[in-house]
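Asker: These are the residues of each chain, in order.
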Amino acid sequence: MSAAMRPPPRRTALQWARTNLFATPLDAGLTVILSLGAAWLAWSLIDWAVLQATFTGESRSACKGSGACWALVTARWPQLFTGFYPEGHRWRVAAATLLLLMAAAPFAMRHAKAWTYLLAPAGIVLAFMVMGGAHVLPGVPSEYWGGVFLNLLIGVTGAIFALPIGVLLALGRRSNLPIVKALSVGFIEIVRGVPLITLLFMASVMLPLFMPTGVTLSRLMRALVVITLFEAAYMAEGVRGGLQATPDGQREAAKALGLGPVRTTLLVVLPQALRIAIPALVNSFIGLFKDTTLVFVIGLLEVTGVARQALADYAWQGKDVEAFAFIAAVFWVVCFAMSRFAAALERAPKVKPVQEPA
Amino acid sequence: MSRPPIPIRARIGGRAGLVAQILLLGAVVLLLAWLARNAAANIAARGLASGYDFLGRSAGFDISQHLIAYAPEDTYWRVFLVGAVNTLLVSVLGIVSATALGVLVGVMRVSRNWIARTVATVYVEVVRNIPLPIQILVWYSLMLIAPPPRAALKLGDHIALSNRGLYLPWPQPSTQWLYTLAWIAVSVAAGAVLERWLDRQSRISGVARSFWPGWMLTIIGTAFALTVADNPESWSFPRFHGFDFEGGLVLAPALVALWAALTFYTAGFIGEVVRGGIVAVAPGQGEAARSLGLSDGQALRLVILPQAFRVIVPPLASQYLNLVKNSSLAVIIGYPDLVATFGGTVLNQTGQAIECLSLVMAFYLAVSLTISVLMNAWNARTAAWSAR
Numbered sequence: 001m002s003a004a005m006r007p008p009p010r011r012t013a014l015q016w017a018r019t020n021l022f023a024t025p026l027d028a029g030l031t032v033i034l035s036l037g038a039a040w041l042a043w044s045l046i047d048w049a050v051l052q053a054t055f056t057g058e059s060r061s062a063c064k065g066s067g068a069c070w071a072l073v074t075a076r077w078p079q080l081f082t083g084f085y086p087e088g089h090r091w092r093v094a095a096a097t098l099l100l101l102m103a104a105a106p107f108a109m110r111h112a113k114a115w116t117y118l119l120a121p122a123g124i125v126l127a128f129m130v131m132g133g134a135h136v137l138p139g140v141p142s143e144y145w146g147g148v149f150l151n152l153l154i155g156v157t158g159a160i161f162a163l164p165i166g167v168l169l170a171l172g173r174r175s176n177l178p179i180v181k182a183l184s185v186g187f188i189e190i191v192r193g194v195p196l197i198t199l200l201f202m203a204s205v206m207l208p209l210f211m212p213t214g215v216t217l218s219r220l221m222r223a224l225v226v227i228t229l230f231e232a233a234y235m236a237e238g239v240r241g242g243l244q245a246t247p248d249g250q251r252e253a254a255k256a257l258g259l260g261p262v263r264t265t266l267l268v269v270l271p272q273a274l275r276i277a278i279p280a281l282v283n284s285f286i287g288l289f290k291d292t293t294l295v296f297v298i299g300l301l302e303v304t305g306v307a308r309q310a311l312a313d314y315a316w317q318g319k320d321v322e323a324f325a326f327i328a329a330v331f332w333v334v335c336f337a338m339s340r341f342a343a344a345l346e347r348a349p350k351v352k353p354v355q356e357p358a
Numbered sequence: 001m002s003r004p005p006i007p008i009r010a011r012i013g014g015r016a017g018l019v020a021q022i023l024l025l026g027a028v029v030l031l032l033a034w035l036a037r038n039a040a041a042n043i044a045a046r047g048l049a050s051g052y053d054f055l056g057r058s059a060g061f062d063i064s065q066h067l068i069a070y071a072p073e074d075t076y077w078r079v080f081l082v083g084a085v086n087t088l089l090v091s092v093l094g095i096v097s098a099t100a101l102g103v104l105v106g107v108m109r110v111s112r113n114w115i116a117r118t119v120a121t122v123y124v125e126v127v128r129n130i131p132l133p134i135q136i137l138v139w140y141s142l143m144l145i146a147p148p149p150r151a152a153l154k155l156g157d158h159i160a161l162s163n164r165g166l167y168l169p170w171p172q173p174s175t176q177w178l179y180t181l182a183w184i185a186v187s188v189a190a191g192a193v194l195e196r197w198l199d200r201q202s203r204i205s206g207v208a209r210s211f212w213p214g215w216m217l218t219i220i221g222t223a224f225a226l227t228v229a230d231n232p233e234s235w236s237f238p239r240f241h242g243f244d245f246e247g248g249l250v251l252a253p254a255l256v257a258l259w260a261a262l263t264f265y266t267a268g269f270i271g272e273v274v275r276g277g278i279v280a281v282a283p284g285q286g287e288a289a290r291s292l293g294l295s296d297g298q299a300l301r302l303v304i305l306p307q308a309f310r311v312i313v314p315p316l317a318s319q320y321l322n323l324v325k326n327s328s329l330a331v332i333i334g335y336p337d338l339v340a341t342f343g344g345t346v347l348n349q350t351g352q353a354i355e356c357l358s359l360v361m362a363f364y365l366a367v368s369l370t371i372s373v374l375m376n377a378w379n380a381r382t383a384a385w386s387a388r
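Which chain is which? The protein sequence lines are Z and D, in order.
Just so we're aligned, residue 1 is where the first sequence starts under this note's numbering, counting upward by one.
Just so we're aligned, residue 1 is where the second sequence starts under this note's numbering, counting upward by one.
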């Protein structure tokens with residue numbers, strides 16, 4: 001029996017530690033220093049955030065001891081999640097959140113039915129109607145929407161409307177038609193070449209100048225227009241990767257079957273390309289969701305804006321670290337979960353196996 | 001392996017393609033014309049000025065940090081330059097420190113040591129999944145609750161940190177520095193010449209050479225020059241006096257916070273780029289190098305790293321570009337970068353949104369273009385190397 005065929009010998013914990021922790025003297029030193037450092041860091045963090053912390057109170061005067069003071073977070077809990085939406089109507093924020101999540105769900109699935117994608121824009125429009133009132137419920141202007149909900153609203157709306165534009169841009173970039181190609185490349189490269197913040201400033205001060213006289217868009221709408229176009233340029237690059245990874249043989253086979261260029265693209269190339277692009281698109285959505293914490297610079301009260309407003313209040317002055325640490329924790333949980341999900345998609349088999357008839 | 005040329009008819013897409021393209025171009029031109037007409041009408045209605053004449057006018061406000069000379073009487077164009085230099089300053093600082101930390105993290109991610117691997121993984125997963133604006137705000141809040149100057153945190157004798165900023169030693173202008181710099185230049189040149197000569201000898205003789213002699217010469221020479229220069233005449237050291245530190249270089253809290261946040265955030269991404277590059281080199285390459293009799297160090301230096309570099313450089317360049325763009329988040333904590341000065345204060349003073357923002361965007365596009373041109377040149381060079 002050759003060595004390769006023998007079952008591997010069972011390793012004890014000691015052997016594992018030998019190869020993974022103490023292989024050489026240098027390794028052993030590294031292990032000791034790093035574990036001590038990590039343990040000290042973890043302990044200080046727990047000590048500050050939990051053991052020595054204050055959790056409730058009406059103002060910073062309630063904060064005792066040397067630990068964190070989460071009183072700001074607990075006192076402003078509803079605002080951090082729903083902004084300054086009228087108190088009796090917060091169920092509408094919950095309903096809109098649900099609608100947004102349902103609208104986004106098919107995009108996270110590899111084998112969702114085609115019609116579910118078409119419902120996404122409808123879900124978003126419905127969410128806007130629930131929030132705004134749509135003449136059925138009492139009207140609440142978008143200035144009162146805010147908190148984590150607003151981050152979600154901007155992220156999901158931007159991503160879903162950006163996807164079709166991104167697909168068109170990606171197809172345009174790979175097109176043989178020179179004008180189409182030049183326009184697509186120009187748009188993608190310019191948008192990707194400048195920071196989002198300059199585009200947001202554009203939305204806030206330049207977009208009103210470009211509107212016909214008498215037409216005004218709400219702050220939220222202006223931000224959404226710019227964020228959708230911004231995200232479209234990034235999604236276009238993800239879709240382009242998918243298009244490049246789709247084998248040329250597929251296109252040729254479709255042509256041989258007598259399909260025209262439009263049907264080849266829509267029925268053969270795009271379904272495969274998008275499936276390959278899903279992990280890249282999810283990652284791009286994570287990026288967008290993180291970027292939504294920036295829209296407070298143009299006066300929208302997403303969660304960072306709510307926190308900053310609370311901190312400007314004399315009662316909570318100086319509790320910045322706790323407020324931002326809390327937001328960091330919320331985003332970390334959501335983004336980490338999504339990134340694990342994208343990684344799992346990347347490992348999953350690319351194409352659903354064909355079921356043989358029994 | 002070149003593709004067959006696309007026939008000209010297919011390239012313009014036949015008659016239908018041509019018509020469609022002309023229609024598309026027409027639509028884009030019409031859209032732009034409509035936007036321009038709206039803008040002209042709105043600008044006239046609001047009595048705003050247009051054109052870039054305002055660049056020559058005096059700005060009238062001060063900027064807390066400027067590397068190039070600046071006074072409130074200076075022009076708006078000068079403000080643009082000051083802001084651009086501040087953006088480049090924090091970008092260069094961030095690129096250097098993020099690269100150092102990122103390479104460390106990337107190497108730790110593929111380490112044999114379980115603790116090193118785990119610490120690096122936790123680090124990457126934490127920094128990459130928290131929005132950068134929030135990280136900047138956390139660092140800035142930490143800077144503001146740092147101890148006051150009289151209780152400043154000291155690192156050694158010459159570096160201190162307080163809620164007024166980070167204090168560092170700074171070279172004093174003196175003729176001695178000319179000698180020091182000349183000495184360093186000579187050490188670098190001598191080291192490089194020795195390296196080249198050893199390389200040539202080893203290629204001719206076919207005998208493996210050791211890696212160190214040339215660069216050791218450079219390091220020892222430079223260290224010697226700096227040791228000689230380490231005296232109160234050539235350095236200005238921060239000293240606590242009265243209420244604050246005097247002398248040395250002070251980095252304002254906003255700059256320190258921005259630098260820290262950009263470093264820790266980008267290092268997470270660079271770590272993954274470096275890990276990807278090392279993993280991409282087939283394991284057989286290292287084994288083959290070892291079986292040819294190369295030492296561990298030689299295998300790493302001559303076989304693995306050159307191949308890993310080819311994979312690392314393009315995504316690394318795009319991380320650098322992201323860092324430059326992300327430095328524009330300076331505006332949320334008041335570091336006077338290009339966006340905060342020119343896209344903020346100047347825009348508010350003049351009301352000329354289109355002009356101000358177009359200049360700011362042109363600056364970032366120019367930086368993007370420069371980085372991608374440099375990267376393409378680098379790629380072409382490595383491609384030539386590997387073809388050799």
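Hints listed in this document are in silico derivations from the structure and should not be mistaken for laboratory results.
Where hints are given, some of them may not hold.
[To be verified] Output of the computed footprint for chain Z on chain D, the stretches with three or more beta carbons under 8 Å from beta carbons of chain Z: (1) 42-50; (2) 65-73; (3) 126-137; (4) 156-170; (5) 263-270; (6) 295-301; (7) 363-374.
[To be verified] Facing chain Z, a subset of chain D residues (Cβ under 10 Å, in silico): (8) LEU25; (9) ALA116; (10) ARG117; (11) THR118; (12) VAL122; (13) VAL273; (14) PRO314; (15) ALA317; (16) LEU321; (17) CYS356; (18) VAL360.
[Unchecked claim] So the derived label-pair ranges between C-beta atoms look like this: (19) Z:ALA105 <-> D:GLN285: 42 to 50 Å; (20) D:THR75 <-> Z:GLU143: 17 to 25 Å; (21) Z:PRO78 <-> D:LEU365: 41 to 49 Å; (22) Z:LEU45 <-> D:SER50: 50 to 58 Å; (23) D:ALA151 <-> Z:LEU36: 52 to 60 Å; (24) Z:GLU87 <-> D:THR75: 48 to 56 Å; (25) Z:LEU36 <-> D:ARG203: 42 to 50 Å; (26) Z:PRO141 <-> D:PRO314: 43 to 51 Å.
What you are looking at is a predicted structure, and each value in this text was computed from that prediction instead of being measured.
Where is the CB? At the ideal position from N, CA and C, for every residue including glycine.
Asker: State for each hint whether it applies.
Answerer: Now for the hints, and whether the structure bears them out:
Counting residues of the segment 42-50 of chain D whose beta-carbon sits less than 8 Å from any beta-carbon of chain Z gives 3, enough to reach three: the coverage restraint holds. With 0 residues bearing a CB less than 8 Å from a CB of chain Z, the segment 65-73 of chain D misses the requirement of three and the coverage assertion fails. For the segment 126-137 of chain D, the proposed coverage by chain Z is satisfied: 10 residues have a C-beta within less than 8 Å of a C-beta in that chain, meeting the threshold of three. Residue count for the segment 156-170 of chain D with a Cβ under 8 Å from a Cβ of chain Z: 0. That is fewer than the three needed, and the coverage hint is violated.
For the segment 263-270 of chain D, the proposed coverage by chain Z is not satisfied: 0 residues have a C-beta within less than 8 Å of a C-beta in that chain, short of the threshold of three. A stretch counts as covered by a chain when three or more of its residues have a beta carbon under 8 Å from one of that chain; for the segment 295-301 of chain D and chain Z the count is 0, and the coverage is violated. For the segment 363-374 of chain D, the proposed coverage by chain Z is satisfied: 4 residues have a C-beta within less than 8 Å of a C-beta in that chain, meeting the threshold of three. Given the 10 Å rule on beta carbons, the hint for LEU25 (chain D) holds: about 5 Å separates it from the nearest Cβ of chain Z.
A distance limit of 10 Å between C-beta atoms decides the matter here; for ALA116 (chain D) the minimum to chain Z is near 6 Å, and the interface restraint holds. Checking ARG117 (chain D) against chain Z: minimum C-beta separation of about 8 Å stays under 10 Å; hint holds. This hint holds: THR118 (chain D) has a C-beta 8 Å from the nearest C-beta of chain Z, less than the 10 Å allowed. Checking VAL122 (chain D) against chain Z by beta carbon gives a least distance of about 8 Å; that is within 10 Å, so the hint holds.
The restraint placing VAL273 (chain D) at the interface with chain Z is violated, with a minimum CB-CB distance near 14 Å, outside the 10 Å limit. Look at PRO314 (chain D): its Cβ only gets to about 13 Å from chain Z, farther than 10 Å, so that hint breaks. Of the supplied interface hints, the one on ALA317 (chain D) is violated, with its beta-carbon coming no nearer than about 13 Å to a beta-carbon of chain Z, more than 10 Å. The criterion of a C-beta within 10 Å of any C-beta in chain Z is met by LEU321 (chain D), whose closest approach is roughly 8 Å, and the hint holds.
The beta carbon of CYS356 (chain D) is positioned within 10 Å of a beta carbon in chain Z (closest approach about 9 Å), and the interface hint is therefore held. The beta carbon of VAL360 (chain D) comes within 6 Å of a beta carbon in chain Z, closer than 10 Å, and the hint placing it at the interface holds. Between ALA105 (chain Z) and GLN285 (chain D) the Cβ separation comes to about 44 Å, which falls inside the hinted range of 42 to 50 Å. Taken as a hint, the range 17 to 25 Å is violated for the pair THR75 (chain D) and GLU143 (chain Z), whose Cβ atoms sit roughly 38 Å apart.
Roughly 43 Å separates the CB atoms of PRO78 (chain Z) and LEU365 (chain D), a value that falls within the hinted 41 to 49 Å. LEU45 (chain Z) and SER50 (chain D) have their C-beta atoms about 54 Å apart, which keeps the hinted 50 to 58 Å range intact. The hinted range of 52 to 60 Å is not satisfied by ALA151 (chain D) and LEU36 (chain Z), whose Cβ atoms lie roughly 27 Å apart. Distance hint check: the CB atoms of GLU87 (chain Z) and THR75 (chain D) are about 52 Å apart, consistent with the given range 48 to 56 Å.
The hinted window of 42 to 50 Å between LEU36 (chain Z) and ARG203 (chain D) holds, with their beta carbons roughly 47 Å apart. Range check, PRO141 (chain Z) to PRO314 (chain D): Cβ separation about 47 Å, and the 43 to 51 Å hint holds.
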